[in-house]
Amino acid sequence: MAEIHLTDLTKSYGPTEVLHHIEGHIQDGEFIVIVGPSGCGKSTLLRMVAGLETVSSGEIRIGERRVNELEPSERDIAMVFQNYALYPHMSVRANMAYGLKIRKLSQAEINRRVEEAADILEIRQYLDRKPRQLSGGQRQRVAMGRAIVRDPQVFLFDEPLSNLDAKLRVQMRLEIRKLQQRLGVTSIYVTHDQVEAMTLGDRLMVLNGGYVEQFGTPIELYDRPASIFVAGFIGSPAMNFLPAEVKDGSVVLSNGVIIPVESPKEANVTLGIRPEHLQPEPEGAIALQVEMVEQLGANTLLHGTLQGTDKALTASVAGHATYENGEFVNFSAPASMLHLFDPETESRLEL
Amino acid sequence: MTDFAPMSPAATQNRNSDVQKLALRWLLFAMLGLFALFYLMPLFVMVTTSLKSLEEIRTGSLIAFPRELTFEAWRTAWSGACTGIKCEGLQPYFWNSVLIAVPAVLLSTGLGAANGYVIAQWNFRGANLIFSLMLFGCFIPFQVVLLPMAMMLGKMGLAGTIPGLILTHVIYGLGFTTLFFRNFYVTIPADLVKAAKVDGAGFFRIFWSIFLPLSLPIIVVTVIWQFTQIWNDFLFGVSFSQAGTQPVTVALNNIVNSTTGVKEYNVDMAAAIIAALPTLLVYVVAGKYFIRGLTAGSVKG
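Going line by line, the protein sequences match chains A and B. Each residue of the first sequence is one higher than the one before, starting from 1 at the first, in this note's numbering. Each residue of the second sequence is one higher than the one before, starting from 1001 at the first, in this note's numbering.
Every clue listed holds true.
No more than 35 Å apart at the CA atoms, straight line, and that leaves these computed lysine-lysine pairs for DSBU-like:
1. K130(A) with K1194(B)
2. K1021(B) with K1288(B)
3. K1194(B) with K178(A)
Note that these hints are calculated values from the structure, not bench results.
Here chain A stands alone, though its shape is the one from the complex (with noise of 0.2 Å):
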């Protein structure tokens, strides 16, 4: 169990930065997780910690102890990775037991570790068979396996579900974090979906480009989103964005539509409002033009375009409800579900 402070930390290929000035302070006990399109460095930052990448500048600390210099081993951490990394011509329990053999661990013990471990996965039963004679879930249980048996102060966590199955991810997601919150132990978890980050994770740290757009809790992250690439990538369906322009305490859309907000600024900005923030009301200021509707039980997803221009617009109405292609829907926006951004920096503009 440790804190973990990421201190100024940059990561350079050659001339090019990919990881510019990331700070971070990880709670001793905490889940967090790194999330970000496909690109944006969350996977080299996680091997940093690891110690599979060097820092280019700035420091990592685990618990008391500076790491930038140590190897893996000596970190005290354990790995998890999205291909599963297991070892194939060993059984699982030698699989598991490695890393506790190079420690020079005594076979009571290893044997009692392993044990515990299968027990805990409930991988009991396969502790003779090959990787290759397991399922894919199968193989992802023993990688955690092999990650427990160390009893490490840090779990890191490599995009460990995404070779699986949309319904075993689901459920592999529940028993990552139940065991995390059973075992206590500090874990940063890297993934690029951002449903998985929103359930799993006590705080999300969001990559975009090599930068760290926003670290906070997943409501934090829903209710206030630092900028626009926070607001669109949280969030699903993605949130609406509409040019606009404040005007005596109002924003204007670009068909002209008022919406009264308390902003003293007059300035041109980005009006973000989530589909589900709309709310169907036959008087209400903004239209939707519908071009496409989705049908998915719960509820119904209106696509289609803000009234009078082309400003792709969706909406998200709770229950069945049947509309017309073409047709015309009226909603209102509660300012309080109104986010504002800076169209030049992206940000988010306090109201």
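Assemble chain B onto chain A, guided by the hints.
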């Protein structure tokens, strides 16, 4: 109505094409059999001739079965045939070849595995350049190496010795063995090395406990390849050996070329078969692994 109709044109066509297929199939087998016989002919002549007496060879036909089986020629080839002045047959030279081939195969395979591991999985600066240069070594003909190698062996005091020949074969084979192992090891996911590093394994332990156990197919390929090359080598053997250290290929040449008086074809044939037996044996024993190993690079574990 249609029930009583004669066979439809389509059905006739089907029957015709069936007959055609069958005929083609038989033609194919006949051709293959013919070619197999053609290729087996020299072996047949070698074996039958080696089992005939000289008298019978002189009077009988080349491709006839022996009228009277005799293993006299084999005995002579193994322990009595003359290579120049000495007349002790192939036997001592056969053991020379074993003494050269076995260590040279093991060393070149082991070093090739280590090279391949480093080049494929530990990306250091210039890894690709070094690999290209080693690959270049595969394309250098034997003859080009002769003079520099002779000078080097002389300076090292290994000229004309069995260790000198082993060294020559190891160096010459390293390009191939490195290529084999490198191409095999690039197919092993890099995450395996990372997982082992996190588990606390170092450079040598990862090689020893993870890569070598996974390498059986490529080890078999490399051993067969290297053994065949080294056992069948004549040029290095004849250039870098002296009386007493010559490999079996050189001795075979001496037996065949240095007879005086009557040419003992039966002994020559028996000697040639003896010299070729070990490589044949290796193919028979490990041949299926060879085919499997050659394709192993494309198959995921």
